[in-house]
Amino acid sequence: MRNKTSLMLDAWGALKQNKAALFSFATMLTMIFLVIFGPMLSPFMVDQTDWYQLSAKPSFASGHIFGTDDLGRDLFVRVMYGGRISLMVGLVATLVSVIIGVSYGAIAGYVGGKVDAIMMRAVDVLYAMPFLFFVILLMVFFGRSILLIFIAIGAVNWLDIARIVRGQTLNLKGKEFVDAARAGGVSTTKIVFRHIVPNLLGLVVVYVALTVPQVILVESFLSFLGLGVQEPMTSWGALVNQGAKQMETSPWMLVFPGLFLATTLFCFNFIGDGLRDALDPKDRTRQND
Amino acid sequence: MTNLLIAQNLCVDFTSRGEKIQAVKNLSFYLEHNQSLGIVGESGSGKSQTVLSIMGLLESNGKATGSVVFDNKEILDLDKKELNKIRGKKIGMVFQDPMSSLNPYISIGAQMSGVLFNHTSLNKKEIKEACIEMLDAVKIPNPQQRFDSYSFELSGGMRQRVMIASALLTKPKLLIADEPTTALDVTVQEQILDLILEMKERFSMSVILITHDLGVVARSCERVLVLKDGLEQETGGLNQIFYNPRAAYTKELLFKSKEIGVDTKPGETKRNKNNSVTTKIKNLTVCFPIPKQTFFSKQEHLVAVDDVSLDVYEGEILGVVGESGSGKSTLAKNILRLIQPTKGKIELFGETLSLLDKKQMKKTRKKMQVVFQDPFSSLNPRMTVFETLSEPLNSFYPGMNRDSIEKDVEAAILEVGLGVEFLGRYPHELSGGQCQRIAIARALMPKPQLLICDEAVSALDASIRSEIIELLLGIKQKRKLTMIFIAHDLAVVKKICDRVIVMKKGRVVESGDTKDVFYSPKEAYTKKLLDSVPVPDPDLEHEKYNKRRLARQAKKLVKRGA
Chain A
1 MRNKTSLMLD
11 AWGALKQNKA
21 ALFSFATMLT
31 MIFLVIFGPM
41 LSPFMVDQTD
51 WYQLSAKPSF
61 ASGHIFGTDD
71 LGRDLFVRVM
81 YGGRISLMVG
91 LVATLVSVII
101 GVSYGAIAGY
111 VGGKVDAIMM
121 RAVDVLYAMP
131 FLFFVILLMV
141 FFGRSILLIF
151 IAIGAVNWLD
161 IARIVRGQTL
171 NLKGKEFVDA
181 ARAGGVSTTK
191 IVFRHIVPNL
201 LGLVVVYVAL
211 TVPQVILVES
221 FLSFLGLGVQ
231 EPMTSWGALV
241 NQGAKQMETS
251 PWMLVFPGLF
261 LATTLFCFNF
271 IGDGLRDALD
281 PKDRTRQND
Chain B
1 MTNLLIAQNL
11 CVDFTSRGEK
21 IQAVKNLSFY
31 LEHNQSLGIV
41 GESGSGKSQT
51 VLSIMGLLES
61 NGKATGSVVF
71 DNKEILDLDK
81 KELNKIRGKK
91 IGMVFQDPMS
101 SLNPYISIGA
111 QMSGVLFNHT
121 SLNKKEIKEA
131 CIEMLDAVKI
141 PNPQQRFDSY
151 SFELSGGMRQ
161 RVMIASALLT
171 KPKLLIADEP
181 TTALDVTVQE
191 QILDLILEMK
201 ERFSMSVILI
211 THDLGVVARS
221 CERVLVLKDG
231 LEQETGGLNQ
241 IFYNPRAAYT
251 KELLFKSKEI
261 GVDTKPGETK
271 RNKNNSVTTK
281 IKNLTVCFPI
291 PKQTFFSKQE
301 HLVAVDDVSL
311 DVYEGEILGV
321 VGESGSGKST
331 LAKNILRLIQ
341 PTKGKIELFG
351 ETLSLLDKKQ
361 MKKTRKKMQV
371 VFQDPFSSLN
381 PRMTVFETLS
391 EPLNSFYPGM
401 NRDSIEKDVE
411 AAILEVGLGV
421 EFLGRYPHEL
431 SGGQCQRIAI
441 ARALMPKPQL
451 LICDEAVSAL
461 DASIRSEIIE
471 LLLGIKQKRK
481 LTMIFIAHDL
491 AVVKKICDRV
501 IVMKKGRVVE
511 SGDTKDVFYS
521 PKEAYTKKLL
531 DSVPVPDPDL
541 EHEKYNKRRL
551 ARQAKKLVKR
561 GA
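In the order they appear, the protein sequences are chains A and B. First residue of the first sequence: 1, per my numbering; consecutive thereafter. First residue of the second sequence: 1, per my numbering; consecutive thereafter.
Don't read these hints as lab results, they were simulated from the structure. Be aware that a few hints might be false.
[To be verified] With a straight-line cut-off of 20 Å between C-alpha atoms, the simulated SDA-like cross-links for lysine to any residue are:
no.: 1; chain 1: A; residue 1: LYS190; chain 2: B; residue 2: GLY18
no.: 2; chain 1: A; residue 1: LYS282; chain 2: B; residue 2: PHE396
no.: 3; chain 1: B; residue 1: LYS358; chain 2: A; residue 2: VAL192
no.: 4; chain 1: A; residue 1: LYS173; chain 2: B; residue 2: GLY399
no.: 5; chain 1: B; residue 1: LYS359; chain 2: A; residue 2: LYS282
no.: 6; chain 1: A; residue 1: LYS114; chain 2: B; residue 2: GLY399
no.: 7; chain 1: B; residue 1: LYS358; chain 2: A; residue 2: THR189
no.: 8; chain 1: A; residue 1: LYS114; chain 2: B; residue 2: ILE339
no.: 9; chain 1: A; residue 1: LYS190; chain 2: B; residue 2: GLY399
no.: 10; chain 1: A; residue 1: LYS190; chain 2: B; residue 2: PHE288
no.: 11; chain 1: B; residue 1: LYS359; chain 2: A; residue 2: THR188
no.: 12; chain 1: B; residue 1: LYS363; chain 2: A; residue 2: ARG182
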């Protein structure tokens, strides 16, 4: 049968066949749902201290199903709140850096010549800036805010993507289908976004799957240095950090945030793999012909 | 005389996704000492798999059964360690693509030494001497210096010489060459084939030559094995196969290769002298800057096209022939305005391309389209056939509604002989010939008047090649196209072109009507080019070979005398 499909529709069809990716996708959705609405189910506030339950074990009887930390705060609520920050940082910062990085790299690589040289030297200059120095500079000028973390992480991460994408674009530029498109009167912008970028997706998706976890960890590192989110707000990274210190006395403080963090990372890896395969027509077997 | 290699009931099976595919079916053949065997077939005939199974180099999902006796020893079921003692040492192999079979990160000397290091107990100095000696034997100039160069510093022909040299280092009893000259120019092909023959005599070894080109077989083999779909069609001596073929398939192959072979008469010039000039090129020069060694050194340029002037008349097929690097593709890209000329001007349908602004250029682009060489890389792997075909419509006729786009695309795919069921497929689901049909359909979408075929049939098998040529000729007739047909395959050019220009190093060496250029070439270069095309006629080829050998010997004597 004749079927007119686009890359995205086909990819979705293929993704549906991939059980691991689909399961991971569902898990991620559940997790996002949970971190948004979870705290409403709990009677405790994120900064509320239960003086009778300091470092309490998880129990249904007390209502602290994940236990409490050493200040008597409910860990379930804190993990949910932490998830909001961590997932937001992970997804938003990555998305921003991917969009900037792919466009920047693809344009530099495709246009080439002087434009390429100038664009890539700019990347080199930004690369040369130490990350921490950059973050501290931002904090000094604009004060501490969660938005700045996005900006700081995004501003550094797109550089890697731009470089990788540029290299790959140089390779794709020499392919004859690009020349054919030019002969077919297709404009430069369209060539970049219709011919070059789709062929980069496999690479980018793998990179994203690696970046999201990395960004979440960078955020926890910033928090550890006192540059990230501050008490009483929290993130998974910060929670794991605290939990690690009291691993011997109250292991649940490490186990629960760690479990959520690890699950997220696993899910992203499976989704990334699935997306890469789904976006590559070569890896698909078709049933209808 | 005992046989060096006897294969009996050789089968090669592949299992892929639970399906079993038989690549080679019950093949039996033998090879005598000092003999050369040609294995002929089109792609997919199992000719490469046959020798790979002998070498134990099958992919992991492949399995060979039957028996192969080499030098009185069964080698099919040997383990890797035993096999390594034979391959490389007693059997040498040369692959098709000299670009990818040499590692660009290791000097050729180091690469060659590796072979000797594994198979002999020579010390470093002796190994180096042996390598240089062998490089000298395959006629690489300055072997001492070449020993330390890297593969990218050598031309394709030189690389293939290096490959042969390293295959011969251990003085094997059998040399297997898998399409050794397919990626090379005809003139270089001639040298490499001569070299293989010469080495065969000198080291008294046997040769298995795999090729799809009957002309190559006629030139260099003593016995021939014809394969199709993994089945033996015919086997016999060279003269029997060529002058008295028994199998229908052999006859078909011979007919096809003769049909586009050099001994057919070219078509009468159909060009009407009164036809208008569609493309006029005047003193075109294209230079590419060579990357500077240091920041301050002077910018140097590579002259790809050097002062070329030519006219293309309406309704004719103009052939452009020349070796690789002769600037024929650069010329095409200039006409298409994919690169800018350094000097000179191109007039297309009365408009000078360099004077047009972006909008006018787009209008002119509609009139000229191109079909490229590599059918796989000329289609975007992430776009379906429908998307590929509709793209030119979207760009040239913005605002065209979806129904009429669909109608046009369907008409186009039927015109190139494919069905509408192909529209939803991706390029990797198509064969090379089908991809090329799609590329032709794409070029026809904006209804061009000038079609440039840049080596459009060079990457295809003989039978598919003649199908695609038929298709192109049919479309040309129907749509009254003007064609510029760029090729290094002289036979094809001779068959279909009205006029020919011969290019060498960016310059036009000779131009004229096909008949004149092919039957009474004026320039020595054209003669040499024509002579080097292998013809599927063993007697003629042997005559040519002996002539060349005598010429070489004479040259040597002169050199010594001086």
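Status of the hints after comparison with the structure:
no.: 1; hint: A:LYS190 - B:GLY18; in the structure: violated (41 Å)
no.: 2; hint: A:LYS282 - B:PHE396; in the structure: violated (30 Å)
no.: 3; hint: B:LYS358 - A:VAL192; in the structure: holds (18 Å)
no.: 4; hint: A:LYS173 - B:GLY399; in the structure: violated (28 Å)
no.: 5; hint: B:LYS359 - A:LYS282; in the structure: violated (37 Å)
no.: 6; hint: A:LYS114 - B:GLY399; in the structure: violated (35 Å)
no.: 7; hint: B:LYS358 - A:THR189; in the structure: holds (14 Å)
no.: 8; hint: A:LYS114 - B:ILE339; in the structure: holds (17 Å)
no.: 9; hint: A:LYS190 - B:GLY399; in the structure: holds (16 Å)
no.: 10; hint: A:LYS190 - B:PHE288; in the structure: violated (27 Å)
no.: 11; hint: B:LYS359 - A:THR188; in the structure: holds (14 Å)
no.: 12; hint: B:LYS363 - A:ARG182; in the structure: holds (13 Å)
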